[in-house]
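Participant: Each chain is listed here by its residues.
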Amino acid sequence: MPHLLTVHDPRGYAPKVIGKRLAPRLPTLEGKVLHLVDCLFDNSEVFMQQLQAWFAEHMPGVHTQIVKPRESWVDDPAMRARVVAEADAAVFAVGL
Amino acid sequence: MAVEADGVPTVAVHTHVFARLARNAARVNGMPTLRQAFVPQPVVGLVPAALRAYIDGVDPVNKRPFMQELLQGLTGPLTEQDLSGVSFERATPRLLDPDTQDNLYREFEQNRWTDYLPIVLPTEERVAAMLKGTSHRPDEVVGKLRPTYYREFWEFTVEKVAVNAVMAGARPEYFPVILALAASGITARQSSTTSWAAPAIVNGPIRIEIGMHCGIGALGPYSHANATIGRAHALLSQNLQGGSVIGDTYMGSIGNAYNYAATWAENEERSPWEPLHVQHGFKPEDSVVTTVFGGWYTQSGYGPRETWQQRFRRCLAACEPYSAPIILMDPTVARGFVDLGFKTKQELIAWCADNARVSAREFWDDPWTQTLLKPHALAGVEPWASKLKAAPDQLITKYRPEDISIVVIGGETQAAWKMIGGTFGRSKMVRIDDWR
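Those protein sequence lines, which keep their order, are chains V and E. FYI, in this note's numbering the residues of the first sequence are 1 to 96. FYI, in this note's numbering the residues of the second sequence are 97 to 532.
No lab work stands behind these hints: they were computed from the structure. Fair warning: this is a prediction, and the values are worked out from it, not measured in the lab. Just so you know, even glycine gets a beta-carbon here, dropped at the ideal spot from N, CA and C. A few of these clues could be false.
Listed next, the stretches of chain V that the computed footprint assigns to chain E, with coverage defined by at least 3 CB atoms under 8 Å from CB atoms of chain E [to be verified]:
| hint | region |
| --- | --- |
| 1 | 2 to 13 |
| 2 | 25 to 34 |
| 3 | 38 to 46 |
| 4 | 60 to 66 |
| 5 | 74 to 84 |
| 6 | 88 to 94 |
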């Protein structure tokens with residue numbers, strides 16, 4: 001019979017995950033306000049400008065606005081509140 | 097995800113190498129079906145036309161046109177799972193199922209709970225012995241850690257720190273230092289693409305009490321205490337924060353040798369200057385550990401010699417602009433600077449801050465200054481705002497004096513110094529005595 005050892009689990013305690021539903025989707029983006037949220041990563045501003053140009057060319061009825069948080073890596077409640085108040089939909093880019 | 101939860105449909109765009117990480121982050125935030133679209137890596141450094149090609153091209157993860165994926169994400173129908181999210185708990189047992197020694201070694205390695213060097217298995221007896229190194233209760237919560245800002249914090253107790261200290265091979269008398277490192281909240285397993293580490297400096301009487309080494313080879317593998325305390329900080333970071341797994345909770349492109357162990361002691365006895373902790377308001381008889389988010393670069397040199405100013409200017413110019421240096425210097429170097437008129441560390445720090453200069457163009461041509469400092473500059477926060485206004489060729493200072501630190505360390509066999517990345521302003525000092 002091999003000798004059995006009892007050892008501790010080395011991991012910490014994960015928080016409980018609470019499920020959150022996705023927001024209702026829009027039937028169409030036509031005539032809607034789409035916020036393009038620049039996450040401030042290196043060169044993401046240029047990416048967002050190109051995305052805005054794509055909408056201007058292919059879906060001119062979508063009202064795009066580039067929005068920036070106060071700083072990168074840090075939650076910006078004021079910016080989030082603005083998106084929730086003013087936008088019908090939002091794209092966040094380019095995040096890691 | 098917070099905007100999505102507030103009722104606005106969103107799509108998050110990531111580069112393809114972060115697909116696993118991004119999906120896992122969505123899952124542990126309760127939204128596993130969060131709409132995500134992907135473009136190829138890299139985005140950094142590409143001209144507008146190349147980024148436009150990404151937008152016109154195919155999402156390399158979902159294998160559909162990128163814009164189709166994005167538009168579908170905002171307007172497509174929701175599923176039942178979209179409407180409920182996913183709730184779950186991840187319980188961590190106190191003990192693992194009994195098994196043979198060989199099987200347990202294999203289990204720890206397969207679960208990525210080690211640094212792939214041999215560990216000491218944390219038996220109940222060994223953990224109980226480690227816990228005798230502190231007066232704190234085993235079930236007391238020490239703190240929280242996470243691999244990066246957008247991940248969830250994991251919590252841990254004194255006992256869980258003891259488990260990792262045992263695995264690292266530490267002795268009970270080292271345990272207060274290890275608890276202080278854990279309490280700092282600075283992980284030694286940051287997930288950043290920049291491959292950070294967490295160098296730490298120990299000051300005060302405990303260095304001598306537990307046999308930490310600050311003489312010849314102080315940064316190397318020549319002390320049981322240095323090696324195992326540093327390793328304990330590393331192991332507890334990865335295991336107590338929810339892992340350090342490539343592609344999931346670790347993305348450092350090159351990696352970092354300081355991730356194995358990087359806890360060092362200042363050679364206070366041979367230094368002509370005040371020790372680090374006394375500089376910052378602690379008493380000489382206090383024992384303190386200073387943990388720094390850094391370790392990205394290392395430069396080395398000799399001196400001070402006749403041309404020290406030129407060499408220091410060049411080295412300081414070459415240091416990464418977001419991360420001010422910790423200047424580690426042998427006691428002979430420190431005494432040489434005293435002979436040159438620098439009666440305190442602060443005087444030499446002031447000289448370094450004034451002479452660490454690059455062109456504004458070079459300062460801002462950096463991923464971290466662009467991402468983390470430029471938003472402050474645009475918001476008018478000094479000194480970043482003035483640096484942003486400077487002409488591209490204007491030489492500007494890189495660091496605030498309060499972000500540079502000097503630590504005297506080494507055994508006087510060579511007048512050697514090193515500059516290691518680690519902004520003091522983002523460090524955390526913890527009194528070890530509070531964890532005895």
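Participant: Next, verify each hint and record whether it holds.
Facilitator: Consistency of the hints with the structure:
1. Three residues within the 8 Å Cβ limit are the bar, and the region 2 to 13 of chain V against chain E gives 12, so the coverage statement holds.
2. Counting residues of the region 25 to 34 of chain V whose beta-carbon sits less than 8 Å from any beta-carbon of chain E gives 6, enough to reach three: the coverage restraint holds.
3. Coverage of the region 38 to 46 of chain V by chain E holds. Counting CB-CB distances below 8 Å, 6 residues qualify, and the rule asks for three or more.
4. Restraint check on the region 60 to 66 of chain V versus chain E: 0 residues with Cβ-Cβ distances below 8 Å, three needed, restraint violated.
5. With 5 residues having a Cβ less than 8 Å from any Cβ of chain E, the region 74 to 84 of chain V passes the three-residue criterion, so the hint holds.
6. Only residues whose beta carbon comes within less than 8 Å of a beta carbon in chain E count, and the region 88 to 94 of chain V has 7; three or more means the coverage holds.
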